[in-house]
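> For reference, the chains in residue letters:
There are 2 protein chains.
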Amino acid sequence: MTKFEDNNVFIYNTLKAKKEEFHPVNSPNVGLYVCGPTVYSNVHLGNCRTFLTFDMVYRYLSHLGYKVRYVRNITDAGHLENDADEGEDKIAKKARIEQLEPMEIVQRYTVDFHNVMKKFNACVPSIEPTATGHILEQIEMIQTILDKGLAYEVNGSVYFDVKKYAETNDYGELSGRKIEELREGSRELDGQSEKRDAIDFALWKKASENHIMRWSSPWSVGFPGWHLECSVMSSKYLGSQFDIHGGGMDLKFPHHECEIAQGQASHGVKPVNYWMHGNMLTLNGKRMSKSTGNTLLPHELFSGENELLDKAYSPMVVRFFMMQAHYRSTLDFSSEALSASEKGFQKLMTALKTLGQLKYKKTEVDPTLNQEIEALCAQCYQFMGDDFNTPRTIATLFDLVGKINAFEKEGEISKIAEETNDLLNSTFSGMVVDVLGLNVEETGNEGLLDETLQMLVNIRQEAKQHKNFALSDKIRDELSAAGVQLKDSRDGTTEYIIN
Amino acid sequence: MTKFEDNNVFIYNTLKAKKEEFHPVNSPNVGLYVCGPTVYSNVHLGNCRTFLTFDMVYRYLSHLGYKVRYVRNITDAGHLENDADEGEDKIAKKARIEQLEPMEIVQRYTVDFHNVMKKFNACVPSIEPTATGHILEQIEMIQTILDKGLAYEVNGSVYFDVKKYAETNDYGELSGRKIEELREGSRELDGQSEKRDAIDFALWKKASENHIMRWSSPWSVGFPGWHLECSVMSSKYLGSQFDIHGGGMDLKFPHHECEIAQGQASHGVKPVNYWMHGNMLTLNGKRMSKSTGNTLLPHELFSGENELLDKAYSPMVVRFFMMQAHYRSTLDFSSEALSASEKGFQKLMTALKTLGQLKYKKTEVDPTLNQEIEALCAQCYQFMGDDFNTPRTIATLFDLVGKINAFEKEGEISKIAEETNDLLNSTFSGMVVDVLGLNVEETGNEGLLDETLQMLVNIRQEAKQHKNFALSDKIRDELSAAGVQLKDSRDGTTEYIIN
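From first to last, the protein sequence lines are chains A and B. Going by our numbering, the first sequence opens with residue 1360, and the numbers climb by one from there. Going by our numbering, the second sequence opens with residue 1360, and the numbers climb by one from there.
The reader is advised that the hints may include incorrect statements.
Any copy, or any two copies together, can satisfy a pair, since identical chains are not distinguished.
Listed below are the simulated BS3-like cross-link pairs for lysine-lysine, each with C-alpha atoms no more than 25 Å apart in a straight line [as the list claims (entries may be wrong)]:
| no. | residue 1 | residue 2 |
| --- | --- | --- |
| 1 | K1718 | K1846 |
| 2 | K1833 | K1823 |
| 3 | K1774 | K1833 |
| 4 | K1702 | K1846 |
| 5 | K1595 | K1702 |
| 6 | K1706 | K1762 |
| 7 | K1522 | K1823 |
| 8 | K1712 | K1522 |
| 9 | K1826 | K1720 |
Bear in mind the hints are in silico, worked out from the structure with no lab data behind them. It should be emphasised that the depicted structure is a prediction, and the values quoted were computed from it without experimental measurement.
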């Protein structure tokens, strides 16, 4: 289980804008933090892509033998819609519309999110902390930043003093933004007069009269700023400096930039060594948007109930489709692209099944074939180690599918060394099942069962017409033994009842 | 949707030791709080019974048209093992043994708990708050109780002053215990010298050096006493006085007794109008106990992998088995009892299916039959309204099964009025599916599919031997159309591959 010693991993670090070799702070332990969903509506397909990307990262690092503590939070409070709406957070807004307690909404969409992730065969994170579960720790971090002179209180709210911070730190190092430009850009949008500077961001907001989610603090009854929760929860569970922080690229600024500032301000160190950002998902070439109708929910994808789709696509096909693109590339969803992926997915899973069934036979080794298979297996690890290049890994797996299918024609695996056969098996199933997280689907068999039962009923019917009672009785008896009762009605039709 | 107006509900209120007619504080809204699991190990079957009891209560009240806000907490911190161990809580203890972060343990067993509840077809509560998610609110309630002079601080810990409280309140009103007896009984066990009185209980405990789960408070870095979380979360989400509080009878004292004292002390009102307590589950006539091996986990029950079982029992059979006992009676688990329930469950579900398939035919009404069915339907509601008497309700449903089976023999529903047919349908499926939470299981069909496919393969084989190529080709072609490929091998056997 120390594969990671032989297989280097290079990660594109957004902070450095280049690929760097991965060295954990405290190997073999790895700390991985991923910004989770805001649970005030059904999870977005673009978010699903991000979560599946880091699920794959978690799976690959675990596959290499690292002990990964994987933290993905649930944002259930404190997410300001934007600075301009002066403090009404998204969850509280929806609560008033639906006449629900905010935590009822949180519960509904957390359950939905977990169900969708389960369908996608995503691993459960090691810890899934909630923002509301860490209010006290957030208040403590705010106090620390205040004590260090890098935040200030106005009317019960507390803001991070970006200018002061930038005197000794590089604010904008992650997103590449310059303070001056940010100030220019933000002034018009920003209606909050109490900030010293338009680029400052809230650590604590005093709640207005009708703001439902609120907690006591030394400054006011209010709620924490959105950026704070991830700084608090990542440092609590992974330490003040940890290995990998992931999220969608839309979170680079301001969210992650603010996280760096908060971590540096409170602990005096850069919080994260490797920043990873997943790219966007488009739909038929355009940005997904509820207002234009160019949008798709996971359950619509699985049921096919969306006019943008020609049919339903199973969670595993969608997962495979996503893995066929590199996480740093944009990916466009369309029925055509999904159909192509469906065929590829089936080919891959058929080869997996075949490989499991074929027996190895020790024969004279064909050195060329043996070396080819060894090289393809090594390539899978090289590509995964090259910033988790799943599309090239999958292409290599299809080269291996060719070899597997050739073995199948011969009815056995032969002409390669026993170790090469072991390597082929462990690499192929390791990559497909463990790393890419694909499994054989359990779909459609209900329908197939009905079809096969109906076939048996029809065959029996015909047998009776041809007075082949041996066959018709046999079918009835065997079905009965299998727990299926046949009921002949007076009009000549037969029903089956599954016990 | 105002069935509750015509159907009274009487609840056995532990506080009054008698059945009382149910009147919600703010009808049609109902507040229901249930003490949830402590997530430091796999959920116990006895706990499952309690949760399924209150799932049924939630279902029945919802069925009657009440708008139930159903809160079931997750105890993820602050559960003192006993007063004698001076402050090490169960979760932190397990964490050190397994070298895990406590919240990793919490995550693992919360996920397990949710999976088990899902298998049992339990409804998701409206809100599922965690103890760690309400530390701030717990600190606030402690401060309120201190301010009212009903608690005191010693060495950074805060204790509830039971004697002072009992001067003006009835401590022991729920459990029927007398303070003097409690004091006598507790003195020896209790090693905590800092309490003023042995019967006092902790609201806040100062953390020892090696206590992992800890939070800042005005008194010390420590953790809340276990009883406090339920007072805080129930009042936060349901109000300081709400309708129903449920739990296992082992929680009556001290947990629920302390909840009453805390609620009364901080809000000046009795927190709960109806206290409901579920009875215990025994196994083969004896108390379940890990140390004697007389224990059974839900997953062992579903898989049959426990030597106390003769075979596996499905979650629906187990749920039905539990519903066959009244929640205030003890229930004994044994293979024999489960086998009997399995047959009853199947009979009930077959009748449900039959009822769905039978067509109603308007004929002359048989007044006796018509009246019998009306009376049986009314009885279901009467029994459910009599302190949720599920066993008598189920017995009545079996009387209805008899009527349904009689209709089946005639091939249609007739001789009753159309409204009676509607009543029969809505009552039967309402009680079975909505209230008792039973559904048709999806088990075994994978195996059945294999059996039917193998039958088709065998029939085709024989057909070929008899040169009945029309049949053999037909089977191949129809299976192919259904997505199943047949592969004939040289040794004469045939394999099928499901695409």
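> Of all the hints numbered above, which does this structure not satisfy? Sort the numbers upward.
3, 5, 7, 8 and 9
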